[in-house]
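Participant: Chain residues, written in single-letter form:
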Amino acid sequence: MDILSLFLIVPAITILLLVFTRSLSQARLVALLGSIVQFAMSMNLVFAYIKERAINDSIMLFTRDLVWFEPFNIHYSIGADGITVTMIVLTSIVVMAGVFISWKINDLPKEFFISLIVLATGVYGFFISLDLFTMFVFFELAVIPMYLLIGIWGSGKREFSAMKLTLMLMAASAVLLVGILGIYFNSDTGGNGFTFNILELAAANIPAEAQKIFFPLTFIGFAVIGALFPFHTWSPDGHASAPTAVSMLHAGVLMKLGGYGVFRVALYVLPEGAIEWSWIFIILSAFGVIYGAFAAVRQTDLKYINAYSSVSHLGLVLFALLMFNKTAWNGAIIQSLSHGFMTALFFALIGMIYERTHTRDVRKMGGLLKVIPMISATYVIAGLASLGLPGFSGFVAEMNIFVGAFEHENTYYRIATVISVSAIVVTAVYILRVVGMMLMGPVKEEAYLQIPGVSWYERIGILLLLLPIIGIGVAPLWLSDLIYKSLHPFIQGVL
Amino acid sequence: MTWSNFLIMRHEVVLLLIIMAILIAEIALPSKKKASIIHLGIFLFGIHTIIGFLPLEENQLFGGMFHTNGLIHLVKNILNIGVLILLLQSADWIQSRLIAEQKASEFFILLFASLIGMYFMISSGDFLMFYLGLELSTLPVAALAAYEVTKRTSSEAGIKLILSSALASGISLFGISMIYASSGSIYFAELVDLINSNHLLLMGIILFFSGLAFKISLVPFHFWTADVYEGAPISIASYLSVISKGSAVFILTILLFTVLKSLIEVWENVVYVLAVATMFIGNLFALRQQNMKRFLAFSSIAQAGFILLGIISGTSMGLATVVYFILIYIFSNLAAFGVVQAISNQTGKENMSDYEGLYRTNPNLSLVMMLALFSLAGIPPVAGFFGKFFLFTAAASKGFYWLVFLAVVNVTISLYYYLLVIRAMFLRKSDNPIPFFQSKLYMRLGLVITVAGIAVLGIYSPVFDYIYELSINLMN
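So the protein sequences, as listed, match chains A and B. Under my numbering, the first residue of the first sequence is numbered 401, with each subsequent residue one higher. Under my numbering, the first residue of the second sequence is numbered 129, with each subsequent residue one higher.
If we strip away everything but chain B, and leave its shape as in the complex, we get:
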């Protein structure tokens, strides 16, 4: 092994350097100029995102604990884009709330630390590295959820997140120990051959699964979601709902498709039940929500249920549809959260009824929101339609027509509550609408990127072709 081997950890190393740079800037900058940390953080992360797209060879490190390949590389890049958009959308919030309290740089450091945890998690080659990544990705987010300490709900969100995630990862770790006890290895590559339908092993797998299901907020592991989203700052809620969820879905899919491939008959049923429960509970609870953050929380629970339709297939096509959907979901959900954040920053309003008559005062924001919701609901020609259609195709390819049927029933239910927001913005007239305002430059940039993604990612088919190709490579 030479030093150059470490280059395959480029994402992790560069992000670590950025964290250090921000740390130094925090110390070096006089307190009057602390605001420039925002520009520095966004700029450096932008560079990092661009560097991320440089080609990377497939390799492994530390005796197989850390490995990377084309699809993992792509997913890291997708996460990068998501975080970059999120930073752009949060810039205004950081500027107005955090600079005065002297905690802007910690925001970046904690967020990036969590992202590094996700890199390690999805690149992990054994359960140990996986567990380290899982913890590293969760703990900083708990701190961030409680970031607005003066708000009671924010502290509550932090406590809820840390307690329930500690429990979940404890269960997960217990499951891992059972897997080790019955098979004798924690390396994914070795486990492929050691997996059998021993009862202890199955128990271990189910417990391990629960830990990840918590991060993805699948029913019945979803109870923390709505409260945490509502209490946490909007940036953190959107981070939890797209980045954290996306990476957890990806590693879950990889593990099920490669390591646990021989047990497909077993986990297929588990995924089936969870998919149905998650879609129905998420959608039915979303129907009555008035707070936009809670609304999006339940909507994102339901979306996780749809993702399971891609997972249940167990084929390389299924893997491709899952990754493709994560990509589209990141753009769609960030667009929706971005609009909520823009309005919340400006007016402090977060309820659906506050959005009445929004189109007549703020047409652009309303249009972004409409596109985002159409994409989440799966209306063509925006990207979400293609993502969902392909997920359903993946499930149907294995003959799960009933599951697809239940899913399309849910698509219709979800359309109802997405239309409620559109109804408020477009159909209703209000005596007291949100007055016209101009968002800040960073926010506008963030929203424009999401809109471009929503508009292009579906129709422009080479994106999917590329992901499909990488998935086939990975599965072979």
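Pulled out of the complex, with its shape left as it was, chain A reads as follows:
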């Protein structure tokens, strides 16, 4: 069995075992074991990848290709490059942290963990797919559990949010489907028949007219899940209603499918279409960066603040991808990772705070640093990482993005870059505002003095997410090395 297919088989086995569990303690134990195995596999994958990369020059490693539907030339085709590997590591860590954070889930625990792992399976499958059809299957597989996860275990307007999220993402995938079919039926340029394989498609040189028609469809299809303005509205509502672990997966992992898909499919397969259309999407993503940041300033609900901050940060990912520049792309990937860990950590902390104070309104809280120091201190660290302080992952990512983006000679790109850079200042405003109102100052309510400290499973969850943030910030070269080499074929394809 190859090393990548295991990322589908292990979750499948976990789900199968979960079906037979009878109580919360059994269910969480199985889910935890499953996620630990996934994490171990992802670590193993990193080392195996580095070892293999030294001797193998192909674009994708660990490939495997099985014919699935022969009449359509659909294959089960998988492979990984450095970017895939980093995304898989991100997923496995966030999933494991998510299981820890959901340690006390009471209502239908078995179903909760099954949905969670189905989501993770979809995400793994999406990252490793080299075949557009398979990729699309996993894309939808990752989205649909969100409906149940938010709808059953959520709070507030959960039915509305779940429906909105599902329909918007499914509408996006419907648009994407047209794009994929368009790519497929224009891929027969070499006389070898139609293909869904991404590498073959990139080599096929799809006619420019077709690229111009199908690039926007493909781009928007993916970018909606990457929270491109103005299609981001599913995300804040979804976050606000979702239970903690689901928010973590939603922001930490699910939204990464957008940037990854844009990079892997829209830009790589349809480069000419991308150049033709990039101007409008640069405006949208740059506007999203600014808009998300300003929207976050005005919010009072902690979850909405971080949801809009996600819109802003992920807008930056799409922005960087549209810069067609190696440094910026490197930054985009690191930003994806950094945002994944950071936002997952934010939502985990928000969940813990909410459990203790029973409110998410920043105006009602105060002086939490005195009562829950560990959570509060971590919140400050995550906040500093989010606003791009050197030493944390956010700095490395944003530095790369803006340096890369500014390398453009073109005034249009430079102006857009300047505009998005200014969002950093606004980010500082909303982060520090929350820190000031919620954590500093006198303790606002008597009841807060009695709130319990951090339990062991919460501690582990926090550490799992905090370590990578600091790790990336302190030693970014190691990661850049992994990503940078994998950017070569894409750069050659696009430029």
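Because the hints were derived from the structure by calculation, they are not lab data. Treat the hints with care, since some could be wrong.
[Unchecked claim] Result set (DSS-like, lysine-lysine): computed pairs, CA atoms no more than 27 Å apart in a straight line:
(1) B/K526 to B/K477
(2) B/K477 to A/K504
(3) A/K510 to B/K557
(4) A/K612 to B/K526
(5) A/K564 to B/K526
(6) B/K568 to A/K557
Chain B: place on chain A using the hints.
Facilitator: Coordinates of chain B only, in the frame set by chain A:
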């Protein structure tokens, strides 16, 4: 011609024998033991389904009026499986309602008679046989729709079905006469060369098309659907929505792809308009339905619209996707109808609001329903996704990207109302949920088969490969 030639009518002959066996059993069994007719009927039909899979040679009979080939054979088998599942799901209803009224055996006889009509319809080699098959398949169903005579809605459904189907087949027959008048033949094989774009012929084709469109319940021939489904017994509603629709779609596709192949430029436009209208009307009307039977009625109208995307391509790939979708659709829709029937038998409740909190009391039924709805909505990894994706691929292969776009818009709309049912079952909590109950053995067997089909048919690709191969053979 020798007697052995009749063996290619094996499906029809065996089913006729079964009808006779049930007739004899009805006379021979003492009235206390009438209940065993159910077991007999299901058992014999099960045997028939298995025999159906034995290989069959390609041949024709009666000077070309009746013919068969690999794909037709396969479709008959698919219909058999569908009817078998349907019988399993109806066993409880027959047991509790029909045995006492002494009409269990008639149920089987009428149902099988209608199925024989469908066999003849899809095996027909000329318009005469086709028309006979069409009538034979419709008339018994009208009787069955009115089967619960004491219920006003059921009688109403029967009358509505018989009147509107009589009108539709009359129009169809008128169309056939025009086709004959302008071309001089009613044999499909001869018509292939005689077809031209003569106006009388085109008129005939359109009128003929309307008759079939009625059976498939394409917009604007769909008005009977919701009322009949709501009034008729659930078994008959599901029969109408899967078996009857499936066979009509198949013969329509075959006729368009072979006999009317040279007129593709003409019927392409008709199919385009009908597809858009059917998808939108079906989906938009489904949004507001509360009764599960009406809900599934509109959903099945919309599904017919999606099938037209496979038909519009006119290629062997399109034919394969249509047959594949029919196969998947039979399993998905029967699963949904099966759950509705199980709940209706047990509690008499048929409204969506009655399903609130169902997962917490009846998790298995809810899961079956969820799988069925996901399959109808086209969510991977269940079979419906593959069926729909391939239909869209077939349409896109001819460059109908706008049509595909409208179709995916409709997929999103349909997802909304399918999620409404899932919302009721999983998300809502009810003070007065349907209490836990254990379905009867036959019902459980029927549901298990559908679930297995939904789970396997998509991922297991040899199924599609096989259908594709047969389609290529047929088109050449």
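Participant: Look at each hint and say if it fits the structure.
Facilitator: Each hint tested on the structure:
no. : hint             : result
1   : B/K526 to B/K477 : 45 Å, violated
2   : B/K477 to A/K504 : 36 Å, violated
3   : A/K510 to B/K557 : 18 Å, holds
4   : A/K612 to B/K526 : 19 Å, holds
5   : A/K564 to B/K526 : 33 Å, violated
6   : B/K568 to A/K557 : 39 Å, violated
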